[in-house]
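Please model the complete structure; the sequences and the hints are all you need to start from.
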Amino acid sequence: MKTLSRGRNLLNRTIAKLESADTVPGDVAWRLYDTYGFPIDLTQLMTEEKGLKIDMAGYEESKKQAQVYICIFQYIIINLYYYILI
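Numbers 15 to 100, taken from my numbering, label the letters of the sequence shown in order.
Calculated directly from the structure, the hints in this document are not laboratory data.
Predicted model only: the values in this text are computed from it and were never measured.
Glycine included, each C-beta is placed from N, C-alpha and C at the ideal position.
Keep in mind that the hints are not guaranteed to be accurate.
[To be verified] Simulated DEER-style distance windows between Cβ atoms: (1) 83 to 18: 18 to 28 angstroms; (2) 80 to 30: 24 to 34 angstroms; (3) 49 to 94: 30 to 40 angstroms; (4) 97 to 67: 39 to 49 angstroms; (5) 34 to 90: 38 to 48 angstroms; (6) 53 to 82: 15 to 25 angstroms; (7) 99 to 62: 50 to 60 angstroms; (8) 96 to 30: 40 to 50 angstroms; (9) 37 to 82: 21 to 31 angstroms; (10) 22 to 71: 17 to 27 angstroms; (11) 67 to 92: 33 to 43 angstroms; (12) 70 to 96: 32 to 42 angstroms; (13) 36 to 95: 42 to 52 angstroms.
Laid out in C-alpha coordinates, this is it:
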(Lines of atoms letter the chains of each structure in order from A; the text may use other names.)
(Lines give C-alpha, C1' and ligand atoms only; values in the text may rest on other atoms or scores of the structure.)
Protein backbone atom coordinates (compact mmCIF):
# COMPACT_ATOMS: atom_id res chain seq x y z
CA MET A 15 0.00 0.00 0.00
CA LYS A 16 2.92 2.38 0.63
CA THR A 17 4.02 2.05 -2.98
CA LEU A 18 0.55 2.88 -4.26
CA SER A 19 0.32 5.84 -1.91
CA ARG A 20 3.74 7.16 -2.93
CA GLY A 21 2.87 6.85 -6.61
CA ARG A 22 -0.42 8.64 -6.10
CA ASN A 23 1.40 11.40 -4.21
CA LEU A 24 3.90 11.79 -7.06
CA LEU A 25 1.07 12.10 -9.57
CA ASN A 26 -0.81 14.60 -7.41
CA ARG A 27 2.33 16.74 -6.92
CA THR A 28 2.96 16.68 -10.66
CA ILE A 29 -0.63 17.69 -11.40
CA ALA A 30 -0.38 20.55 -8.89
CA LYS A 31 2.73 21.85 -10.68
CA LEU A 32 1.10 21.78 -14.11
CA GLU A 33 -0.77 25.05 -13.51
CA SER A 34 -2.56 25.74 -16.81
CA ALA A 35 -1.11 22.81 -18.79
CA ASP A 36 -3.40 19.86 -19.44
CA THR A 37 -0.81 17.16 -20.09
CA VAL A 38 1.11 15.06 -17.59
CA PRO A 39 4.69 14.56 -18.80
CA GLY A 40 5.41 11.13 -20.22
CA ASP A 41 8.49 10.64 -18.08
CA VAL A 42 6.35 10.97 -14.96
CA ALA A 43 3.89 8.38 -16.28
CA TRP A 44 6.82 6.07 -17.04
CA ARG A 45 8.28 6.58 -13.56
CA LEU A 46 4.90 5.69 -12.07
CA TYR A 47 5.01 2.42 -13.98
CA ASP A 48 8.71 1.64 -13.59
CA THR A 49 9.12 2.62 -9.94
CA TYR A 50 5.66 2.23 -8.44
CA GLY A 51 4.11 -0.42 -10.70
CA PHE A 52 1.25 1.79 -11.90
CA PRO A 53 -0.04 0.40 -15.22
CA ILE A 54 -0.38 3.16 -17.80
CA ASP A 55 -4.14 2.61 -18.01
CA LEU A 56 -4.47 3.29 -14.26
CA THR A 57 -2.46 6.49 -14.65
CA GLN A 58 -4.65 7.48 -17.60
CA LEU A 59 -7.81 6.92 -15.55
CA MET A 60 -6.43 8.98 -12.69
CA THR A 61 -5.44 11.85 -15.00
CA GLU A 62 -8.71 11.73 -16.95
CA GLU A 63 -10.61 12.13 -13.68
CA LYS A 64 -8.82 15.49 -13.37
CA GLY A 65 -9.48 16.44 -17.00
CA LEU A 66 -5.88 15.81 -18.05
CA LYS A 67 -4.07 13.60 -20.53
CA ILE A 68 -0.66 11.93 -20.67
CA ASP A 69 2.11 12.73 -23.13
CA MET A 70 2.22 9.21 -24.59
CA ALA A 71 5.11 10.04 -26.96
CA GLY A 72 7.14 11.10 -23.92
CA TYR A 73 6.07 7.94 -22.12
CA GLU A 74 7.28 5.76 -24.99
CA GLU A 75 10.55 7.70 -25.23
CA SER A 76 11.19 7.26 -21.51
CA LYS A 77 10.42 3.56 -21.86
CA LYS A 78 12.94 3.24 -24.72
CA GLN A 79 15.58 5.10 -22.74
CA ALA A 80 15.09 2.75 -19.80
CA GLN A 81 15.50 -0.27 -22.07
CA VAL A 82 18.73 1.17 -23.51
CA TYR A 83 20.08 1.80 -20.00
CA ILE A 84 19.25 -1.75 -19.00
CA CYS A 85 21.08 -3.14 -22.03
CA ILE A 86 24.13 -1.00 -21.30
CA PHE A 87 24.07 -1.98 -17.65
CA GLN A 88 23.82 -5.68 -18.51
CA TYR A 89 26.73 -5.35 -20.95
CA ILE A 90 28.88 -3.68 -18.30
CA ILE A 91 28.01 -6.25 -15.64
CA ILE A 92 28.69 -9.20 -17.96
CA ASN A 93 32.04 -7.75 -19.01
CA LEU A 94 33.03 -6.98 -15.44
CA TYR A 95 32.11 -10.50 -14.41
CA TYR A 96 34.10 -11.92 -17.34
CA TYR A 97 37.22 -9.86 -16.53
CA ILE A 98 37.05 -10.68 -12.82
CA LEU A 99 37.09 -14.38 -13.65
CA ILE A 100 40.14 -14.09 -15.88
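Cross-check of the supplied hints:
As the Cβ distance of residue 83 to residue 18 is approximately 25 angstroms, the hint placing it in 18 to 28 angstroms holds. Range check, residue 80 to residue 30: about 25 angstroms between beta-carbon atoms, so the 24 to 34 angstroms window is met. For residue 49 and residue 94, the Cβ-Cβ distance of about 25 angstroms falls outside the hinted range of 30 to 40 angstroms, so the restraint is violated. Judged by the Cβ atoms, the range 39 to 49 angstroms given for residue 97 and residue 67 holds: they are separated by roughly 48 angstroms.
Our hint of 38 to 48 angstroms for residue 34 and residue 90 holds, since their Cβ atoms are close to 43 angstroms apart. For residue 53 and residue 82, the hinted distance range of 15 to 25 angstroms is satisfied, since their beta carbons lie about 22 angstroms from each other. Hint check: residue 99 to residue 62, Cβ distance near 52 angstroms, so the stated range 50 to 60 angstroms holds. Between residue 96 and residue 30, the C-beta spacing of about 48 angstroms keeps the proposed range 40 to 50 angstroms intact.
At roughly 24 angstroms, the beta-carbon separation of residue 37 and residue 82 lies within the given 21 to 31 angstroms, and the hint holds. Between residue 22 and residue 71 the Cβ separation comes to about 24 angstroms, which falls inside the hinted range of 17 to 27 angstroms. Hint check: residue 67 to residue 92, Cβ distance near 40 angstroms, so the stated range 33 to 43 angstroms holds. The hint said 32 to 42 angstroms for the Cβ distance between residue 70 and residue 96, and at roughly 39 angstroms that hint holds.
Separation of residue 36 from residue 95 is about 47 angstroms and conforms to the stated range, judged on CB atoms against 42 to 52 angstroms.
Going down the numbered hints, you'll see the structure goes against just number 3.
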